[in-house]
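**Q** Residue strings, one per chain:
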Amino acid sequence: MAITKKQSTDLSGVPTKSKISRGGLAKQVFEYAPAPESIDHVKIQPRYGLFIGGRMVEPHSKKRFPTINPATESKLAEVVDADEVDVDHAVKAADKAFDSWARLSPSRRARYLFRISRLLQERSRELAVVETMDGGKPIKESRDVDIPLSAAHFFYYAGWADKLEWAFPNRKPRPLGVAGQVIPWNFPLLMLAWKIAPALAAGNTVVLKPAETTPLSAMVFAEICMQAELPPGVVNIVTGAGKTGSLVVSHPDVKKVAFTGSTEVGKSIQRAIAGSGKRLTLELGGKAANIVFDDAPLDQAVEGIVNGIYFNQGHVCCAGSRLLVQESIAEPLLEKLKRRLSTLRLGDPLDKNTDIGAINSRAQLEKIQGLVESGIEEGAELYQPECVLPARGFWFPPSLFTNVSQSYRIAREEIFGPVLSVLTFRTPNEAVEKANNTPYGLSAGVWTDKGSRILWMAERMRAGVVWANTFNRFDPSSPFGGYKESGFGREGGVHGLLPYLELN
Amino acid sequence: MATALSLTHLGSLMRGVRSVDEVGADERAAALAKRSIKKSSKLWALDLAVRCMDLTTLEGADTPGKVAAMCAKAMRPKAGDATIPSVAAVCVYPLRIADCVEHLRGTTVRIASVATAFPSGQSFTPIKVEETEQAVRAGAHEIDMVIDRGAFLSGDYQRVYDEIVAVKEACGPAHLKVILETGELGTYDAVRRASILAMAAGADFIKTSTGKVQPAATLPVALVMMESIRDFVRETGRPVGFKAAGGIRTAKQAIAYLVLTYETLGPDWMTPDRLRLGASTLLNDVLMQIDKERTGAYQSPDYFTID
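Protein chains in written order, with the working numbering: chain F, 1 to 504; chain B, 1 to 307.
Every clue listed holds true.
Each computed DSS-like pair below joins lysine-lysine, with the alpha-carbon atoms no more than 25 Å apart:
id: 1; chain 1: B; residue 1: Lys66; chain 2: B; residue 2: Lys212
id: 2; chain 1: F; residue 1: Lys367; chain 2: F; residue 2: Lys243
id: 3; chain 1: F; residue 1: Lys352; chain 2: B; residue 2: Lys252
id: 4; chain 1: F; residue 1: Lys367; chain 2: F; residue 2: Lys338
id: 5; chain 1: F; residue 1: Lys243; chain 2: F; residue 2: Lys267
id: 6; chain 1: F; residue 1: Lys484; chain 2: F; residue 2: Lys367
id: 7; chain 1: F; residue 1: Lys62; chain 2: F; residue 2: Lys75
id: 8; chain 1: F; residue 1: Lys352; chain 2: B; residue 2: Lys292
id: 9; chain 1: F; residue 1: Lys43; chain 2: F; residue 2: Lys63
id: 10; chain 1: F; residue 1: Lys75; chain 2: F; residue 2: Lys63
id: 11; chain 1: F; residue 1: Lys352; chain 2: B; residue 2: Lys38
id: 12; chain 1: F; residue 1: Lys92; chain 2: F; residue 2: Lys243
id: 13; chain 1: F; residue 1: Lys43; chain 2: F; residue 2: Lys75
id: 14; chain 1: F; residue 1: Lys352; chain 2: B; residue 2: Lys39
id: 15; chain 1: F; residue 1: Lys450; chain 2: F; residue 2: Lys434
id: 16; chain 1: B; residue 1: Lys34; chain 2: F; residue 2: Lys352
id: 17; chain 1: B; residue 1: Lys38; chain 2: B; residue 2: Lys78
id: 18; chain 1: B; residue 1: Lys34; chain 2: F; residue 2: Lys338
By construction, these hints were calculated from the structure, which means they are not laboratory data.
Note that this is a predicted model, so its numbers are computed, not measured.
Sequences are here, hints too, so could you generate the full structure?
**A** See the structure below:
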């Protein structure tokens, strides 16, 4: 077991206070030997240019920045910090490509998307390794979730490309033009797929900016666009930080803006483009409630809670970060949950047995540490299993807080890390009230054996997705998006086409 | 020793058994099956698989000769290789116990006998009790009984419970493994109920299947049974063992059960006292994989004896 010795607190950054209790497995007899995924087949270039007009071009900007492996802090490659001229080139290329792409027979557009989907599958091992090295997520997740879902998304929207008039009967769907898309670092390739696939299927062209800390899978995707012989300019990818992103969304020739990321940045985008006539969809933060009733299948609920908050180190906008448990079963449920936490394997993200990988960046780690400290100060009780954190890289042990009040920061703010806040409730009404008592509304989970209660709860939850007896389950055909400060617009399903079409 | 439960208590016990979500249990078992067990940990696991094995023959055609050969294999799984441990036990029909006694005298290999109208369990309780007593007298250290699925499925939990209590008493010093025959129970909820019932009635082990019904042992069923054991131990403090049987033919499958045990019940269950794998054809594949790990090359099946 990876989890053996007492954790050194200076690495976790969490001060050791008397309120921290620790548990762990008593006896270790079955050590899993390292089982690292091979990285020999992956070629990461030392420097990347920008993908504009169908090829990798030298940028105007002279500035570059490194992208590192958060598990080792070693440099993987250098990417361009694209400037105004670069962004303008990219938007011009997309604008130039728009007419012929929009006029292309829909079945031919579909063919390109099918081809991209197949190439994603063919290069899935390579993409999984790149995603894990650049972002820190466990290889089992990039291999089994990120990459297959990305390919599935292109496959799904390829099917819509020649059926748009059936998607919106008696309307005349038309593409909008150039879509400016800015995506986050938690699911780099998957968010790219969520953005690019519906845009292209609907006949738009795109300029996409991947997140500053995770640009590499987008660079591999650029190669895939070339391999698929996608017409030049249909997809353009510019790298950079927040400044580059704001240049993309505020460019006058961009007709549609799609952003996934923090609520704070989402608000600033909305302010920046107000009055410009650009269409906007935002997929922002969340503070989802995972609600466990006293008749729930407990062992599976524990798995759902673990999947809900510790999947991808909690870097998930729809993470089930607030556990609402019916008071009558809180004790046995927490006992099971704590035992389960002690079996989570934290370590090398490339190891096939790793459950918890590295935190994406130092900045994110500091944010998590700050919020966890606030939880301790406000009086919540922190539990972490005994857990060895690697010496290099950014790590945070799976954590849960009990004795949490609705008013604590850890119950209100999005932590975006492997930290669960546990609250209790007595009646279904109280559960609904507490679950909805948040500025966010992206997702929720309900665990009960009673079918009627699932429907009763789903009707009352102000959340874009309500999962019943499961969590974090995705399918390209299912729309995803938020209420309130979690954003607006839907991605996935037929709903996901709507933001990219003008319906006459 | 379990104290007998009255009808009302038993009813409330069964009603209080928590439900199992099928999708979630399947997912968890599938996730654990993806654990990658390599090199030193693989060798350790393969060695444990041998030590936890109940080498089994349950055919109408079993003869003293067949059983003698199996006993030899049980004691020394690989001819000329003393580093391979003996298996935990042999598992035979009651009439073959005497043959085992003769061949296994003075060894660590236990003798397990099926009993109680194996495999259907559709016979009279006194006959089942008598069969158990005779099997123990003949020299069985362990009794693998079947539950009366007819009674269980018709909701007559009392009958199932009483029968297990009676057989347990007839076992005397012998260990009792209770076969649930999960392939006939239909749902994971029923598997969980049957597990709790058998443990409450005094089972030392709960066991998935007879091997005569498909599906036999599956990973999700094993997970549900292990989670039941975990909850039972938490409630009562009495540890109960787990035995998977039927359909386990490859070392890879065996390792998946070990991983499941490790991550569900913990290291204390990684011992033949609490974990068994019942199999007739698994052993040679495990031996072949051990050789492969040690030498880096697969040997021809001709180097592994078929007994």
